[in-house]
Amino acid sequence: MDRYHWLLIFHVAGAFLVLGGAMVAGIFNVAALRRERPSEIVVLYRLTQIAARAITLGMVVALAFGIWLVADLDFVKWSNAWVIIALILWVIASALGGAGGRREDETRRFAQQLAADGDTPSAELRARMRDPLTLALSWGSGLAVIAILAVMIWKPGH
Amino acid sequence: MLAILRPDSWNFPLFLHVLGATLVTGATAAAFILAVSSRQWPWMRRVLARTLLLATFPAWILMRLAGEWINSRENIPGSPGWLGVGYIVGDGGLVLLVVAMILGAVGVRRPQRNWPVSTVAVLTGVYFVALIVAMVAMTGKPGS
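If you read the protein sequences in the order shown, they are chains A and B.
First residue of the first sequence? That's 165 in the numbering used here, and the numbers climb one at a time after it.
First residue of the second sequence? That's 94 in the numbering used here, and the numbers climb one at a time after it.
Read the hints as simulated data drawn from the structure, not as lab findings.
One thing to keep in mind: the hints can contain errors.
What the hints assert, rightly or not - Calculated pairs, DMTMM-like style, for lysine to aspartate or glutamate (alpha carbon to alpha carbon, straight line, at most 25 Å):
no., chain 1, residue 1, chain 2, residue 2
1, B, K234, B, D101
2, A, K241, A, D166
3, A, K241, B, D101
4, B, K234, B, D184
5, B, K234, B, E167
6, B, K234, A, D238
7, B, K234, B, E161
8, B, K234, A, D236
9, B, K234, A, D166
What the hints assert, rightly or not - Quick partial rundown of chain B residues pointing at chain A, CB under 7 Å, derived from the structure:
no., residue
10, G119
11, A120
12, A122
13, V140
14, T144
15, A148
16, G233
17, P235
As the list claims (entries may be wrong) - Now the in silico label distances, taken between C-beta atoms and shown as ranges:
no., chain 1, residue 1, chain 2, residue 2, range
18, A, R167, B, I181, 25 to 31 Å
19, B, G174, A, W303, 34 to 40 Å
20, A, L297, B, P135, 31 to 37 Å
21, A, R167, B, I195, 43 to 49 Å
22, A, G321, B, L158, 26 to 32 Å
23, B, I195, A, G321, 45 to 51 Å
24, B, L158, A, R167, 29 to 35 Å
Using N, Cα and C, we set each Cβ at its ideal position, and we do this for glycine too.
Can you build the whole structure from these sequences, using the hints too?
Below is the structure:
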């Protein structure tokens, strides 16, 4: 295999970490929404944190090897529309995911506190978990990542 | 930055195939984590069974059907090894997933038995590694 294919493997591996991690986070998130006991919700939120770390690592790896590929290939330019759009979407996905993750972290800490104080179902916890802004940020980040994949395949303006 | 130059008509099936592949990898990882964790938290067995049925299997269908679609468009000459790896992991994965789904359901119905969920952990762990190998083979296309 030549250098292009090795760089591509690591770039795609980064994309797999991001999209696969988003799938894992989505599954645990939906499962948490269906639970009532705070202690069970805490466990699922902790598992979501594993996925969040995989997503963060994948975002860095995909970006680093993507930049390397653009620098290495003669027929891809920094001025190509699809390269610029992908970078903008990367920033948007990171910002949305980071903001959503911080809000979910606050909810996890609240659930942890409830679990320690009797572990009884709480209407406030349920409301925080279903907070439309938090859900929009997290799921919006996932959609932005899917949009990056679409840009990488269609390459508008190439 | 997936394969630079290709006809436009290949883009949509390729998008669905890659999206399906990433989602089935993530859903398999989630199933593995749930199967391992359900030894400590038995209530996770139901989440595991639902994940296999409603996330892993539909993502596998998307990956496999879109893979066949793009293969029919590309009309790849001969039988390159990387394509063979894709077929083995794709079709072999169905067998693993069906067995995992059955054992996942058994694990919910027979909470006193641990072996079904332990077997699901092994199956999903093996399939996760196989998916990564397929990703490397299909992206790097060694030998072509």
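Hinted pair K234 (chain B) and D238 (chain A), Cα distance within 25 Å: Cα-Cα ~21 Å, so holds.
Pair hint K234 (chain B) and D236 (chain A), alpha-carbon separation not exceeding 25 Å: Given that 25 Å is the threshold and the Cα spacing comes to 19 Å, the pair holds.
Distance restraint between K241 (chain A) and D166 (chain A), which requires alpha-carbon spacing of 25 Å or less: holds, 20 Å
Beta-carbon spacing of L297 (chain A) to P135 (chain B) - inside the hinted bounds 31 to 37 Å or not: Given a distance of about 34 Å, which is inside 31 to 37 Å, the answer is holds.
Hint check for I195 (chain B) and R167 (chain A) - Cβ pair distance inside 43 to 49 Å: holds, 45 Å
Proposed interface contact between A122 (chain B) and chain A, which counts if any beta carbon pair is under 7 Å: With a minimum Cβ separation of about 6 Å from chain A (threshold 7 Å), the hint on A122 (chain B) holds.
Proposed interface contact between P235 (chain B) and chain A, which counts if any beta carbon pair is under 7 Å: Given a least distance of 5 Å, the restraint on P235 (chain B) holds.
Pairwise beta carbon distance, L158 (chain B) to R167 (chain A), judged against the given window 29 to 35 Å: Given about 33 Å between the Cβ atoms, the range holds.
Range hint compliance [Cβ, G321 (chain A) to L158 (chain B), 26 to 32 Å]: holds, 30 Å
45 to 51 Å as the expected CB spacing between G321 (chain A) and I195 (chain B), which holds or is violated: With a Cβ separation near 48 Å, I195 (chain B) and G321 (chain A) satisfy 45 to 51 Å, so the hint holds.
R167 (chain A) versus I181 (chain B) beta-carbon gap, inside 25 to 31 Å or not: With Cβ atoms ~27 Å apart, the hint holds.
A148 (chain B) as chain A interface residue, shortest Cβ-Cβ below 7 Å: holds, 6 Å
Of the numbered hints stated above, none is contradicted by the structure.
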